[in-house]
Amino acid sequence: MSIDKPNVGRAADESNDFLEEPGEYNLRLYVAGQTPKSLAAIANLKKLCEENLAGRYTIEVVDLLVTPQLAAGDQIVALPTLVRRLPQPLKRVIGDLSNTERVLVGLDIRSKLARTT
Amino acid sequence: MATKQKKAAQTGSSHRLTALQKTPTGIKGLDALTLGGLPTGRPTLMCGAAGCGKTLFAMTFLINGVNEFNEPGVLMSFEERERDLETNVASLGYDVAALVERKQLVVDYVYIERAEIEESGEYDLEGLFVRLGHAIDSIGAKRVVLDTIEALFSGLDDTAILRSELRRLFAWLKDKGVTAIITAERGEGQLTRYGIEEYISDCVILLDNRVEEQVTTRRLRVVKYRGSSHGTNEYPFLIDEHGISVLPITSAELSHRISHESVSSGVADLDAMLSVRGYFRGSSILISGLAGTGKSTFASAFVNAACERGERCLFFAFEESPDQIVRNMASVGLKLDAHVASGLLAFQAARPSLYGFEMHLARMNRDIEEFAPQVIVVDPISAFRGPSFEIHATLVRLADICKSKGITALFTSLSSSGEQMTESERSVSSLMDTWISLKDVEANGERNRVLYLLKSRGMNHSKQLREYQLTDQGIHMIDAYLGPDGVLTGTARIAQEAREREAMLLRRQTTERRQRELARKRAAIDRQIAEMRATLETEEREVATLIEQEEARELAHGSERTEMAAMRGMRP
Numbered sequence: 548m549s550i551d552k553p554n555v556g557r558a559a560d561e562s563n564d565f566l567e568e569p570g571e572y573n574l575r576l577y578v579a580g581q582t583p584k585s586l587a588a589i590a591n592l593k594k595l596c597e598e599n600l601a602g603r604y605t606i607e608v609v610d611l612l613v614t615p616q617l618a619a620g621d622q623i624v625a626l627p628t629l630v631r632r633l634p635q636p637l638k639r640v641i642g643d644l645s646n647t648e649r650v651l652v653g654l655d656i657r658s659k660l661a662r663t664t
Numbered sequence: 002m003a004t005k006q007k008k009a010a011q012t013g014s015s016h017r018l019t020a021l022q023k024t025p026t027g028i029k030g031l032d033a034l035t036l037g038g039l040p041t042g043r044p045t046l047m048c049g050a051a052g053c054g055k056t057l058f059a060m061t062f063l064i065n066g067v068n069e070f071n072e073p074g075v076l077m078s079f080e081e082r083e084r085d086l087e088t089n090v091a092s093l094g095y096d097v098a099a100l101v102e103r104k105q106l107v108v109d110y111v112y113i114e115r116a117e118i119e120e121s122g123e124y125d126l127e128g129l130f131v132r133l134g135h136a137i138d139s140i141g142a143k144r145v146v147l148d149t150i151e152a153l154f155s156g157l158d159d160t161a162i163l164r165s166e167l168r169r170l171f172a173w174l175k176d177k178g179v180t181a182i183i184t185a186e187r188g189e190g191q192l193t194r195y196g197i198e199e200y201i202s203d204c205v206i207l208l209d210n211r212v213e214e215q216v217t218t219r220r221l222r223v224v225k226y227r228g229s230s231h232g233t234n235e236y237p238f239l240i241d242e243h244g245i246s247v248l249p250i251t252s253a254e255l256s257h258r259i260s261h262e263s264v265s266s267g268v269a270d271l272d273a274m275l276s277v278r279g280y281f282r283g284s285s286i287l288i289s290g291l292a293g294t295g296k297s298t299f300a301s302a303f304v305n306a307a308c309e310r311g312e313r314c315l316f317f318a319f320e321e322s323p324d325q326i327v328r329n330m331a332s333v334g335l336k337l338d339a340h341v342a343s344g345l346l347a348f349q350a351a352r353p354s355l356y357g358f359e360m361h362l363a364r365m366n367r368d369i370e371e372f373a374p375q376v377i378v379v380d381p382i383s384a385f386r387g388p389s390f391e392i393h394a395t396l397v398r399l400a401d402i403c404k405s406k407g408i409t410a411l412f413t414s415l416s417s418s419g420e421q422m423t424e425s426e427r428s429v430s431s432l433m434d435t436w437i438s439l440k441d442v443e444a445n446g447e448r449n450r451v452l453y454l455l456k457s458r459g460m461n462h463s464k465q466l467r468e469y470q471l472t473d474q475g476i477h478m479i480d481a482y483l484g485p486d487g488v489l490t491g492t493a494r495i496a497q498e499a500r501e502r503e504a505m506l507l508r509r510q511t512t513e514r515r516q517r518e519l520a521r522k523r524a525a526i527d528r529q530i531a532e533m534r535a536t537l538e539t540e541e542r543e544v545a546t547l548i549e550q551e552e553a554r555e556l557a558h559g560s561e562r563t564e565m566a567a568m569r570g571m572r573p
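Line by line, the protein sequences are chains A and B. Quick note: the first sequence uses our numbering, first residue 548, plus one each step. Quick note: the second sequence uses our numbering, first residue 2, plus one each step.
Only chain B is shown next, with the shape it has when bound in the complex (with noise of 0.2 Å):
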């Protein structure tokens, strides 16, 4: 308001602009795709076949109303009475008895029988008026529902009048200021069976339930609003236990904020593969696979990691009943069964074809809106079947509602045997964030398990096949060797282990012979250099007997030729 204020105050315009005012329904797909609710104190037309829901949209847009935001409402029923409308919404946790002691809600049942009822001349439904205007005002009604209201052309003959009345009765709501839900019953060529959206043009909301393949989906479709801008598309939306949900727009633009936080895959081998080690928060994971390769331990693994950090999960099993998961995983070592104790883990499982494949994504999105959780697996995507385009369409935005709250969501499918990508798997591949492809190698008279990275978006990632085992300690990766035919798994790879540590220990005991001969050679000169030296020794000790003889010898010569000297000295 206080911007378009400004705004007003800019232009210089006098006249003050106002927005659309609405009225939330509390069906929060409803008031997503309608920005906002309802129009207020307009009446909306909700059309649609029988069995499409009309009464329990326009039962919860008044009980809502009440509980929610505070607004009284009268619910104007046409075909059913007090105790059957009390009975049919008790079933969605509704009391409807209890509102309207408290004096927020009014049921007024209109009965109308052509039979008891004789037409004598002109009349007008003042009566339905002062009927409406009474309840209205006994509690304040700021939500009016009348339902069914072409109920009175089959109770009333005059068409005519009929028209006029109804035409004066919108318009009458209108200046009473109250929100109001027209039901009406879907007609052949047109909205509504006696033609009313003629009178209702402000919003018109249409019911549909289809069946596909003997699944019925029930969507829903915003015709016109006027004045305010809608989703236009078809949306999915279901009727359950919990009441309506309806699956919100898929936002358009890829505006999520991204996480740079990792979380840890749950199996250590295969964090190391990864260079952030595990996933990005927040990230879409496909694990894909052939029968048995153990896309579900993969995804238990990833589940088991997430409960022990302490993060909630929600686990959607299309193929196998909580129990036998949890039994299943229980053989790998995945404690399972202390998560769903704690709360921290929850199952969600349905067989696929019990819903049409839109119907499946209300359901998760109801189920995630309600749990909360941080991660999500579905097991397994390729459960669906249908139309690519469908299924795309759906997986599109069941990673778009995970990536718009930041879950992080693991999905497995199942591969048909060969190189060829099945139908969810091709549609599904674009979106996802890591794509991890567990494949059977059959060689030897055996299959043995092998994993790669096919891809990771935002991260560098090991290039390598590896071999995975499944333990009962749980999943562990061993280096696979690359022989001459590729990559040698199993007891070949266990053959070629033994190859080479045979070689090995030939080439060890080659290098051992080779220095035994060298130290015995070694030994052997030492010997000689030892020989030799003590040979010259010998010698030079020799040499020195000699030396010292000759200089005795020399000595005493000397002494002699002194004597003799003197000798002859002393005779001169």
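Bound conformation, chain A alone (with noise of 0.2 Å):
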């Protein structure tokens, strides 16, 4: 995270920008079942958000295993996925969210161009 001190405070300007309500990053992680990955990636999520979106987000977990008919509607096909609902437009980041690098320019959270310096 240090890498990316250049660019931190650009990124938190526009985060700024989209902070106007508390709450705006409504998350949704699809699992199926306790699997080492689910874990992994509930765990990794809950990290990142406390430290880049403490306050304003909501996680919902979705265990397939037990809703299995939710999984069409937001087009799951690869598992754990993240889905960020809102704000719009949707966004999907498969994996157990090791890389928390990508997970944030997934979730728009970092803009690219952070990633590519």
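What the hints contain is simulated information worked out from the structure, not anything from laboratory work. Where is the CB? At the ideal position from N, CA and C, for every residue including glycine. It cannot be assumed that every hint is accurate.
[To be verified] Listed below are several chain A residues computed to face chain B (Cβ distance under 7 Å; list not exhaustive): (1) LYS584; (2) ALA619; (3) GLN622; (4) LEU626; (5) ARG632; (6) GLN635; (7) ARG639; (8) VAL640; (9) GLY642.
Assembly of the complex is requested from the two constituent chains, each provided in isolation within its own frame, with the hints serving as guidance.
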């Protein structure tokens, strides 16, 4: 995270534009059962949100083994899948979210510009 | 099953043998060449280039499953949205929406857009499994189609994960016991673009769409079918408004049941030339001839006769439109329009160049299946152009199909001028049971038509060349005259007839004259005899008179003597 320091300010500015209301980030994490990948994803997501979106996010974990009918609605193919339902547009990140950088880019919390530098 | 069990019991083996179960696709030809359908509970790979009909095959499999076999199905589409799919198959008369509503079909469109997905860390395709599993369980599906699962490769980066997940998916499908079709795009140097044939090895069907001389032919081949025998050739198939038809396998053995019944050719004089008074039912008849010799007329006469017997006829016209045929045949007294109206006669007209050769055959086969005719006419087979082996193969199959169904098939063929047989004629001649050759004879500045029977299997037939005429009453044969230079036809025949009439007259007159002379002679002789008899009678009468006189004289003489004696006696 230190490598991104030169751009943190700018990224924060951008996110500040979105930060009009708290709880703006409506995230849904799809998993299937308590697999190691699921647990890792949940843990990674919580950590990541606390660090970057403290106080302005909601996380909903959907276990598709319990509610399989929800899979088609959000076009879930791979698991785990993190879906940013709000703000629009819909964004998807797949995997156990171990690569924080890519998650932040995928959720538009950090711009792609930041990632490339 | 029962026989299998018995066999197992006989061999004394403890484990029970079960043959591979098959799930019929409802696509007739395909079920025939796979000897029953796709392997039940196993995935089948269907690959082919774009536009080969993979999706349509898969959809037909599902919809037939619902409609004909009461097996619900799941379609997981990676390429087309539900709405597009519904529209696409609606053109074939399939109402997908209604099936979905009745919970017999689930259509799940899987949308994957690389740009919208960020990959972070490890993942698997459990989501797909969950969706598929949910869809299958929600309606108790027996059939599953994944169309085209390779789209995943363009949507996700990690091909290593994809490959291992696909392997797991196919194994999972097998565990689920569903019969699945997985479609895939044809790849360079391998069956599929991403080589997924590695994972599906139970049954692989290859679809192909080839263009030869600007004519497209769709072909299907079963590349492999583990645990079952199958047709190994390429089979043409057809996609049109009636759905998919695959041409069934030609039975290798010649074992069709034959008929001893004969059917009229529709031309009374021609029937008379054949010892069984017509063609055998279920036989193949070839009528070959030059342009304008009346091939179609002979064919139509046959059709007309069949319809009058109440049989169903299918007329494949490749050169004339049905209306034209009906109109033209009305001029020779054949009222085909009435048979069309009564539904006994149906025309199928198409330009030969419309499809490839085998597509025509597939189409004809489908039409035959649907119309179930007793008589078909193909007019003419010479319209087909192409390599002779292909023509031959196709006509063999057509003749075979007809024979196996007991259909009497009449083919016409346009001969080229001269004695040479056309390619199509040569290739089919050995298949035909009856071959009638129509000819033009040119002499004395005119053309006349003659007919002869080249062969007719299983019956005696006239070996004569016969002249025939197409009149408004139909076809009529005329006795041909054999002159010093061969057969006389037309005016030459008429002249010959006149000459013969003259000679006959002359002969009759001569005879009559002789008879008259004889009568006169007899009369003369009779007269002479009468005269002589009269003379004789006169003489006889004279002689009789003389005798009488003599007797009288003698008598008188006698009495005189007595008197004298008396006188003398008295004296002594």
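query = Which hint numbers doesn't this structure obey?
reply = Of the numbered hints, 5, 6 do not hold.
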